[in-house]
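The primary structure of each chain is shown beneath.
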Amino acid sequence: MTNPLKLATASSHGRPGVVACAAYAAGRRVAEIPIEEAGEWSRKPGHVVWIGLHEPDLELLRQLQREFNLHELAIEDALKAHQRPKLEQYGDALFVVARTAQMFDGRIAFGETHLFVGKGYVVSVRHGASTSYKPVRERCEAAQKAFSEGEDFILYAILDFIVDNYIPVIQTIQDEVEEIEDSILGETATQIHVTRLYQLRRDLLRLRNAAVPLVEVCRRLEQPGLPGIDPVMSPLFRDVSDHIRRVQEEIESLREVLAFAFETSLMTGQAQQTEITRKLASWAAILAVPTAVAGLYGMNFDVMPELHWKYGYAVVLVVILTVCGWLYWRFRRNGWL
Amino acid sequence: MTNPLKLATASSHGRPGVVACAAYAAGRRVAEIPIEEAGEWSRKPGHVVWIGLHEPDLELLRQLQREFNLHELAIEDALKAHQRPKLEQYGDALFVVARTAQMFDGRIAFGETHLFVGKGYVVSVRHGASTSYKPVRERCEAAQKAFSEGEDFILYAILDFIVDNYIPVIQTIQDEVEEIEDSILGETATQIHVTRLYQLRRDLLRLRNAAVPLVEVCRRLEQPGLPGIDPVMSPLFRDVSDHIRRVQEEIESLREVLAFAFETSLMTGQAQQTEITRKLASWAAILAVPTAVAGLYGMNFDVMPELHWKYGYAVVLVVILTVCGWLYWRFRRNGWL
Amino acid sequence: MTNPLKLATASSHGRPGVVACAAYAAGRRVAEIPIEEAGEWSRKPGHVVWIGLHEPDLELLRQLQREFNLHELAIEDALKAHQRPKLEQYGDALFVVARTAQMFDGRIAFGETHLFVGKGYVVSVRHGASTSYKPVRERCEAAQKAFSEGEDFILYAILDFIVDNYIPVIQTIQDEVEEIEDSILGETATQIHVTRLYQLRRDLLRLRNAAVPLVEVCRRLEQPGLPGIDPVMSPLFRDVSDHIRRVQEEIESLREVLAFAFETSLMTGQAQQTEITRKLASWAAILAVPTAVAGLYGMNFDVMPELHWKYGYAVVLVVILTVCGWLYWRFRRNGWL
Amino acid sequence: MTNPLKLATASSHGRPGVVACAAYAAGRRVAEIPIEEAGEWSRKPGHVVWIGLHEPDLELLRQLQREFNLHELAIEDALKAHQRPKLEQYGDALFVVARTAQMFDGRIAFGETHLFVGKGYVVSVRHGASTSYKPVRERCEAAQKAFSEGEDFILYAILDFIVDNYIPVIQTIQDEVEEIEDSILGETATQIHVTRLYQLRRDLLRLRNAAVPLVEVCRRLEQPGLPGIDPVMSPLFRDVSDHIRRVQEEIESLREVLAFAFETSLMTGQAQQTEITRKLASWAAILAVPTAVAGLYGMNFDVMPELHWKYGYAVVLVVILTVCGWLYWRFRRNGWL
Amino acid sequence: MTNPLKLATASSHGRPGVVACAAYAAGRRVAEIPIEEAGEWSRKPGHVVWIGLHEPDLELLRQLQREFNLHELAIEDALKAHQRPKLEQYGDALFVVARTAQMFDGRIAFGETHLFVGKGYVVSVRHGASTSYKPVRERCEAAQKAFSEGEDFILYAILDFIVDNYIPVIQTIQDEVEEIEDSILGETATQIHVTRLYQLRRDLLRLRNAAVPLVEVCRRLEQPGLPGIDPVMSPLFRDVSDHIRRVQEEIESLREVLAFAFETSLMTGQAQQTEITRKLASWAAILAVPTAVAGLYGMNFDVMPELHWKYGYAVVLVVILTVCGWLYWRFRRNGWL
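Protein chains in written order, with this note's numbering: chain A, 1 to 337; chain B, 338 to 674; chain C, 675 to 1011; chain D, 1012 to 1348; chain E, 1349 to 1685.
If you're looking for bench data, these hints aren't it; they were derived computationally from the structure. Treat the hints with caution; some may be incorrect.
Ranges of calculated distance between the beta carbons of each label pair, as one might list FRET restraints [unchecked claim]:
hint, chain 1, residue 1, chain 2, residue 2, range
1, D, G1117, C, E750, 54 to 64 Å
2, C, E750, B, V367, 53 to 63 Å
3, C, S857, B, S571, 48 to 58 Å
4, B, S571, E, E1524, 21 to 31 Å
5, B, R667, C, S857, 41 to 51 Å
6, A, R206, B, Q508, 34 to 44 Å
Derived contacts from chain A toward chain E, CB cut-off under 10 Å, selection only [stated by the list, open to error]:
hint, residue
7, A74
8, P135
9, S183
10, G186
11, T190
12, L197
13, P213
14, R245
15, Q272
16, L280
17, A288
18, V293
19, M304
20, G335
21, L337
Simulated pairs of lysine-lysine, DSSO-like, Cα-Cα distance not exceeding 30 Å [unchecked claim]:
hint, chain 1, residue 1, chain 2, residue 2
22, A, K86, B, K423
23, C, K808, D, K1091
24, E, K1434, E, K1482
25, B, K616, A, K279
26, D, K1321, C, K984
27, D, K1290, E, K1627
28, B, K482, A, K310
Glycine is no exception: its CB is placed at the ideal position from the N, C-alpha and C atoms.
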């Protein structure tokens, strides 16, 4: 699967892996800066450096480590993806891992974002399928006053963006579930629906693993005591918390609904089979009548008076048709046919 | 679905979106006031302003924000529905979100109510299908003495009203479950029942998501420490807590009962199929007798003495009837037919 | 369902709704008193008034409220049944709600008991199907020394009685489950068993809802800090706690056992169906032999040498019987017939 | 079920119900003493009295109560079995209830042991099927140095013995599960296996109820603060804790495995039925060929040229055999036969 | 099953059971030492003795006990395997139990490692199938600076190695699950897949029991307060914690996926059966036509005009073929054939 998102974002800056690198003061972009000067800018009072990376190589991460004095373990984590969403505190710096999700070709594409947040800097490292944080940057630059709060506001904005991006994914799944629901209840479920139900369950499982640990991350961010997180930001992080809990609730609901759909599908399938067996039994009974009667008059006994009666054949035909017709009417009436 | 509730309530006041706006003192209605003077009235000692809104627009909310100095995030939440039930504290003001439920055309219609409660004012914002709080207002005005407690009593009265409204919804579901139960156990379950069972499970899931988070909201209200909540109100909020817990218990019970009904339905379906297979097998066996016997005497061998015996035909007929009758009696006896 | 329990207890005292009303001192019954003097007696040092009511009307409750200064919300609760088991503290008085259960006509009949316990008085209010507390009263009067402890001992005695009454209910269900178990494992399960299993599951659910919240009530009673509960009573309440926990454990076990029985029943049903299908298939195969062979020799070709052979008919009969016999023996051997 | 264990142990001492009664000092048995002197011996400094009872009568328990000043409720509990495993503290004495389990005739036999532990004495009361604690006594007497620690060491030794006795029970179940597993996966599962699976699930449920509450008992024993439990014993009780947790883990695993086995058995049963239906369908198709063809040539039309063709019969036979053979080969190839 | 791992590691040192025994100072290997001098070396300032054992006998463990003054219970545990993963603190020494897992012949082979960690020494005892810790030793010797931290770093390195070794096991299971998934959804599931699904579920259960208790061990190691664990090691242990939590999450996901696969397989099986029943019914209907018609014209009535019509036979054949063809087309169209 060639991912256009990846191609689009990886090369938008001079150095490969660097998507954006700018210094801000009082909520205003002061300068586009090279990575090499990032540490210097971040130490200027009232300045915040915001760097966006996409699948950086080790060398680039090492340079950032030197600039901002990042912790060795965080760098190792940022190099390889496949981390659980978490919040680590290394001295005065925070390291946040979040997993992103978006619909891509009818299936969910997962990505990972690692955030280094410290005094005067925010570094976001994206892995896999994940949209650029350009819209976040633009929104921050627009909300100049709030943005002037500094690096914790950027952290908030990115987390908010990630959580908001779960919504359309859930919406898509919800729509599809409702569609399958209709076909299950309308007795037209096929193997394709079974397959789709199965895939949706797997996808939801992955989505839950991606999203739910963020609840804990947000819970810690809304409580006081983390370095660099201003207590006035508390309501904002609580707002993100709320959204991610709503996402969690939706996921759990969908999981239950899919389980219900499975069970219902089993029952519908059983009913279907019963109906077919009934139909089979009905037609077998109806067709057994001419076979049995005709068999009798096909016997070769010397003395079989009916055979020599002029209207014998006609009467037998009428009897057969009458009995078959009566059976058909009966089966029809009690719903077997 | 055109919702008459919506139409009925949205226009009962001068300004669109405003359902009621009055000032109270010592539990007595002092004046119907325009929104613009609400802030002023709320600051008079011993006065409480109670405003009821229905799906207000942004402008109206902004005005209220100015009057009562409401928090930005709460205003944003109040504008769009789809919040989880919660209790937020912004400075000295409380922001409560609750979801309402009522039966509408045989299905549950959900609504949302947002409450702003602060020193001297209560603002209720309704979204979607939810009955007007006019009865609450009337009841409060009747219970003058208790009402004079102020804004926390109004909060209690509205929450109590919301929780009480869950009861008939649950009652309706309960009745329907019992009806389906009878048809499942009476072996007359059809696809319609399966569909209905499925819908009930989904509805209960939604009802649970709407109601259960209120338990936490009430738990916090009954404990001391929230601004503007008088400790003497504690028993009242504990009473609401008790009711919502009872609602929760009923929902959980119904969920289990529906799961039992599903399983039982599966077993009944299986038994039904077994019965049909038995019937099919029995009739196949009975009808195979004339076919086989007649087939034998339909053979064209030169030497078949029975064929030339005078009573051959009659004896064969008797034998066939006897065997068939005996089989029928046997199948009847062991319950296959 | 006319409930004889109700009729028997409701009229055993002068005033309707009052079952008993007596004053005790040092564990000895001092006087049968009218309700109107109850408050006065309860305030005499060393005296305890114990009143037993059955579905009282509002007027009677109001009078008690005046006598003992009971809380408004407790009175409201006591008037209507359908409360969750709980322990409320209103000032120096306790309000306890418990649900009772007893077997009645093969199904569980549930009742509710509300207890007001304060300095010098205990009022028990029974609703629905529940035995009189006369045996408790007699037992207390017999255990004079322990009884002299006062109102907390009465509370203990009633709770102990309620919890002990769950045991025969559970025992009855257990017996019935074992009976159904035998019929399921012995492959004679019928629709009646399915229906009974379903009803037992529902009843157990109700019993759990009635009994399990009492665990929390007892837990609070065994801990110090409640008004009027002497710490020396702690081991007694811990004993009730233990019993109710045992009841809870039994209920959970029975619930699991019923779930197992359901699953096993599904498997047994499946096995039964497989067996019938096998029988059907076997007989179809056996009977297809004469039909096919006879069909062949019923053909009217001019040249069919076997037909003119003297022993043709006999040989064919022998062949048919041999093949059918061999098939029968084979099916028998591998257990299909 | 006559239980030989019971007969063997109940009469090994002079008085009925008393299995052993000895005084120890510094880990050495000082004297076999009569019950009547037990209290006296227990108060001698450095002495411990260890009494073993089996289903004692009330009189015997009353005497012990007088000797060691035991709590009334503990005596009542010790008289009747059917207690939950628990640890009660009455003043300076401990009362411990544990349930024992051992294999007996292929099913688990459960017993109960009550332990009174106080300054200078340990009384063990056994109910139902449970091995004598003679081996424990011997082991303690052998480990003289550790034993000199006193009554808490005896408590540890008995609990350790009880927990160790769960292991062979679990081992037996495990072996049986593996055996059933093989037969389920090898498609030879029968009704007997279903019955056995069901019984194993019930037994495991009982075993869990017996064993798991001991986790809590041990947890409290390993923590400081209980009277008469020396903190140096902590690692020993933690060891028992560890073993019982391991037992718990094994039980939970077995429960899950049995649930898996049930589900797998359902699937195997379904597959079996599908296979039979396929076989039935295949043979029905094969046998329908001669029936249909022979039927055609059994018709009595005047003009049927094939009938008069010399090789007609032979050709028809060949055609029938060819088609049947071809069908057989096809069904064989795609696995239906 | 002869385990080559065992053979390979058990004899790599002079004494049987001893795999390696070396003293380190400042992260550098100072000397290969005999067991007898281990205690002495461990007490030299700045020195750490690291001993690797594989299934040692009692004598060897007793010697180590004397050298490092190990606790009796830990020695007993280390002698027999089958411990739950745990962390015990005996005075100033830690005793850690972990279970290892690796793929071996398509199934998971489990082992156990016991670690004694105290001032100046680390002893690792391996049981069952588990790779040697030689790679850990080499990695430690390479990371000289970190290694100079001492015995807690060795503990970290071994735990990290154990946890990392779970990953390929999970990966293998994941691959197999995906393979089975494809065959289930592609309707080609066979009894072999059912068996494999069952085995995977059992294996995952065992893996969970082996891995998940390590979460608790790591959680305690990352918190301050354990003897000999330097607080600067906290981030490293938190890193191991993170990995084991990720392993846990993967295991839980796989367990759910396998449960989904089971359910889906049941539905697919049901659908398959329905399809076969449909096919059977269709062919039975088609073949019943010639049988019934031919039966009619096989009757021996004197007066059957069609029989004497010249084109009778041909017309009947055409009628039969037409009806059969029409039925075939109809069944084809609605998907029954």
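Do the hints match the structure? See the list:
1. The given range of 54 to 64 Å is respected by G1117 of chain D and E750 of chain C, whose C-beta atoms sit roughly 59 Å from each other.
2. In this structure, E750 of chain C and V367 of chain B break the distance hint of 53 to 63 Å, their C-beta atoms being roughly 30 Å apart.
3. At about 54 Å, the beta-carbon gap between S857 of chain C and S571 of chain B stays in the expected band of 48 to 58 Å.
4. Judged by the Cβ atoms, the range 21 to 31 Å given for S571 of chain B and E1524 of chain E is violated: they are separated by roughly 58 Å.
5. Roughly 23 Å separates the CB atoms of R667 of chain B and S857 of chain C, a value that falls outside the hinted 41 to 51 Å.
6. Roughly 40 Å separates the CB atoms of R206 of chain A and Q508 of chain B, a value that falls within the hinted 34 to 44 Å.
7. With 10 Å as the threshold, the beta carbon of A74 of chain A comes within range of chain E, its nearest partner Cβ sitting at about 9 Å, so the hint holds.
8. The beta carbon of P135 of chain A comes no nearer than 30 Å to any beta carbon in chain E, farther than 10 Å, and the hint placing it at the interface is violated.
9. A cut of 10 Å between beta carbons decides the hint on S183 of chain A: the least distance to chain E is about 14 Å, and the hint is violated.
10. Look at G186 of chain A: its Cβ only gets to about 16 Å from chain E, farther than 10 Å, so that hint breaks.
11. The criterion of a C-beta within 10 Å of any C-beta in chain E is met by T190 of chain A, whose closest approach is roughly 8 Å, and the hint holds.
12. For L197 of chain A, the interface hint holds, since its Cβ comes within 10 Å of a Cβ in chain E; the closest pair sits about 8 Å apart.
13. Satisfaction of the interface hint for P213 of chain A is found here, the shortest Cβ-Cβ separation to chain E being roughly 8 Å, below the 10 Å cut-off.
14. At about 19 Å, the closest approach between the beta carbon of R245 of chain A and any beta carbon in chain E exceeds 10 Å, and the interface hint on this residue is violated.
15. Residue-level restraint check for Q272 of chain A holds (minimum Cβ-Cβ distance to chain E is 6 Å; threshold 10 Å).
16. Hint status for L280 of chain A relative to chain E: holds, with the closest Cβ pair at about 4 Å, below 10 Å.
17. Annotation: interface hint on A288 of chain A holds; nearest CB of chain E at approximately 9 Å, less than 10 Å.
18. Nearest Cβ of chain E to the Cβ of V293 of chain A: about 8 Å, under the 10 Å cut. The hint holds.
19. At about 7 Å, the closest approach between the beta carbon of M304 of chain A and any beta carbon in chain E falls short of 10 Å, and the interface hint on this residue holds.
20. Annotation: G335 of chain A was flagged as interfacial toward chain E, and the flag is violated, the nearest CB pair being 17 Å apart, outside 10 Å.
21. Interface restraint check: L337 of chain A against chain E, minimum CB-CB distance 12 Å, threshold 10 Å, status violated.
22. With a C-alpha separation of about 25 Å, the suggested pairing of K86 of chain A with K423 of chain B holds against the 30 Å cut-off.
23. Taking the CA atoms of K808 of chain C and K1091 of chain D, the gap is near 26 Å; set against the 30 Å cutoff, the hint holds.
24. Annotation: proposed proximity of K1434 of chain E to K1482 of chain E holds, straight-line Cα distance about 23 Å (limit 30 Å).
25. A C-alpha spacing of about 13 Å is found between K616 of chain B and K279 of chain A, which places the hinted pair at or below 30 Å, so the restraint holds.
26. Of the supplied pair hints, the one linking K1321 of chain D and K984 of chain C holds, its CA atoms being roughly 21 Å apart against a limit of 30 Å.
27. A hinted pair counts as satisfied when its Cα atoms are at most 30 Å apart, and K1290 of chain D with K1627 of chain E qualifies at roughly 13 Å.
28. At most 30 Å may separate the alpha-carbon atoms for a hinted pair to count; K482 of chain B and K310 of chain A exceed this at roughly 104 Å.
In summary, the structure is inconsistent with hints 2, 4, 5, 8, 9, 10, 14, 20, 21 and 28 from the numbered list given earlier, while agreeing with the others.
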